[in-house]
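**Student:** All chains should be built: construct the whole structure from the sequences, respecting the hints.
Number of protein chains: 2
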Amino acid sequence: MNIKPLIDYFNTLLPLNEEEEQFIEKIFKERQIKRRQFILQEGDVAKYNTFVVEGCLKMYYVDDKGKEHNLQFAIENWWIGDLGSFHSEKPSKLYIEAMERSIILQIRKEDQLQLFIKYPKFNRIFRVFTENALINIQERILQNISSTAEERYLDFLDRYPYFFQRISNVQIASYLGITPEFLSTIRKNLSKS
Amino acid sequence: MNIKPLIDYFNTLLPLNEEEEQFIEKIFKERQIKRRQFILQEGDVAKYNTFVVEGCLKMYYVDDKGKEHNLQFAIENWWIGDLGSFHSEKPSKLYIEAMERSIILQIRKEDQLQLFIKYPKFNRIFRVFTENALINIQERILQNISSTAEERYLDFLDRYPYFFQRISNVQIASYLGITPEFLSTIRKNLSKS
DNA sequence: AGTGACCTATAAGGTAGATTAAGAAAGAAG
DNA sequence: CTTCTTTCTTAATCTACCTTATAGGTCACT
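Chains as they are written, first to last, in our numbering: chain A, 1 to 193; chain B, 1 to 193.
A couple of the hints might just be wrong.
Pair ranges (Cβ atoms, derived) [stated by the list, open to error]:
(1) Q37(B) to F129(A): 26 to 36 angstroms
(2) E19(A) to K26(B): 30 to 40 angstroms
(3) F164(B) to H87(A): 24 to 34 angstroms
(4) I3(B) to G66(A): 48 to 58 angstroms
(5) L14(A) to P161(B): 38 to 48 angstroms
(6) I3(A) to L154(B): 44 to 54 angstroms
To be clear, the hints were calculated from the coordinates, so they are not data collected in a lab.
Even glycine gets a Cβ: it sits at the ideal position worked out from N, Cα and C.
**Tutor:** Spelled out as structure tokens, the structure:
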């Protein structure tokens with residue numbers, strides 16, 4: 001069981017004791033996911049919150065024309081999940097799919113509630129990184145309503161340079177809210193200057 | 001001091017005892033804000049987290065061409081603040097301005113930290129509503145990358161019907177990421193059908 | 001009653017980005 | 001190696017949305 005990255009992750013925010021570590025180890029389940037395998041599909045209720053140990057996943061929405069719109073990527077040490085469905089227990093409108101062979105750790109909702117009750121410290125940990133996620137996504141909204149596609153692309157490269165060689169331009173375009181064709185012309189213009 | 005709405009707000013999430021209520025009352029400060037008054041300006045560090053008792057405020061970014069882009073509105077029982085600046089203690093890039101005469105309750109960062117330490121219950125409360133904020137803003141990102149302006153406008157009216165008579169179309173357009181002129185033509189088209 | 005500030009509407013012309021289609025290159029699979 | 005799938009590119013046409021300009025309406029202030 002590949003729990004160490006998760007323990008390390010928690011420890012950077014707030015050191016855990018032996019008992020807490022053991023509880024974490026007990027309630028998180030490891031899964032190996034193949035490329036193109038789904039861990040959530042539209043219509044399912046999101047039963048798990050997911051921590052990525054290795055690999056890369058995307059969460060996206062499919063509109064009525066069948067087009068995919070990437071809401072989020074997740075690589076090593078990131079969390080991914082449809083929080084809305086997880087908490088409301090209503091069917092999700094999203095898909096989560098592995099873009100590479102991945103190793104993930106998952107926790108069920110009832111276990112996460114137990115975790116918060118038994119070890120209130122985790123309320124703090126999860127509060128802090130929910131806040132960080134909120135801060136990041138607020139930046140993204142700001143960009144979407146105030147910047148051009150080219151500016152957003154440059155900012156994306158700046159913010160996530162390690163995605164550049166790892167995920168295709170098709171996926172990046174979908175994340176930025178533009179077509180791959182238009183991203184291609186943006187890239188051409190950038191290479192000229 | 002107009003603390004009751006805040007206490008009620010906390011109580012709906014997790015009932016408070018006498019001691020907790022008194023502490024809340026002690027650390028939140030009430031302020032009366034005039035229309036057009038700022039509670040945060042670009043370059044300031046966000047020192048407060050703000051709960052709205054009465055009135056209406058907006059948080060926005062001003063781009064290099066001087067255009068305002070509304071990130072968020074807040075009315076009765078909503079929170080508003082630049083979380084990024086509040087936590088990092090770096091200068092904010094945002095403005096928060098009252099659109100109506102308002103009554104707000106503010107807490108300083110050091111008091112909020114005290115609150116979390118003395119009464120860990122509040123970690124849970126703040127975790128829950130940070131999660132809710134995150135869920136909402138994720139929906140908004142999804143719309144921005146996958147829907148037309150008309151669809152976003154209709155969804156906005158559907159989601160926040162009470163804003164319709166309360167804030168101007170100029171402000172709504174800025175929130176949606178379009179120009180007021182284009183919102184006007186959208187409204188014309190909608191009224192035809 | 002008059003002035004100014006702000007909001008809404010309308011219209012012409014312009015641009016960012018979408019759509020469609022087609023071809024070349026590079027992986028992945030058999 | 002061959003076949004199939006996916007990726008990236010280019011180019012023409014189209015559309016959603018922006019820009020600039022003008023004008024009428026409403027409300028606050030004097």
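**Student:** Each hint needs a verdict: does it hold in this structure or not?
**Tutor:** Quick rundown of the hints versus the structure:
Remark: the range hint 26 to 36 angstroms for Q37(B) to F129(A) is upheld by a beta-carbon distance near 34 angstroms. For E19(A) paired with K26(B), a C-beta distance near 35 angstroms keeps the hint of 30 to 40 angstroms intact. Hint check: F164(B) to H87(A), Cβ distance near 28 angstroms, so the stated range 24 to 34 angstroms holds. Checked against the hint of 48 to 58 angstroms, the pair I3(B) and G66(A) passes, with Cβ atoms roughly 52 angstroms apart.
For L14(A) paired with P161(B), a C-beta distance near 41 angstroms keeps the hint of 38 to 48 angstroms intact. Hint check: I3(A) to L154(B), Cβ distance near 46 angstroms, so the stated range 44 to 54 angstroms holds.
Every hint from the earlier list agrees with this structure, and none is contradicted.
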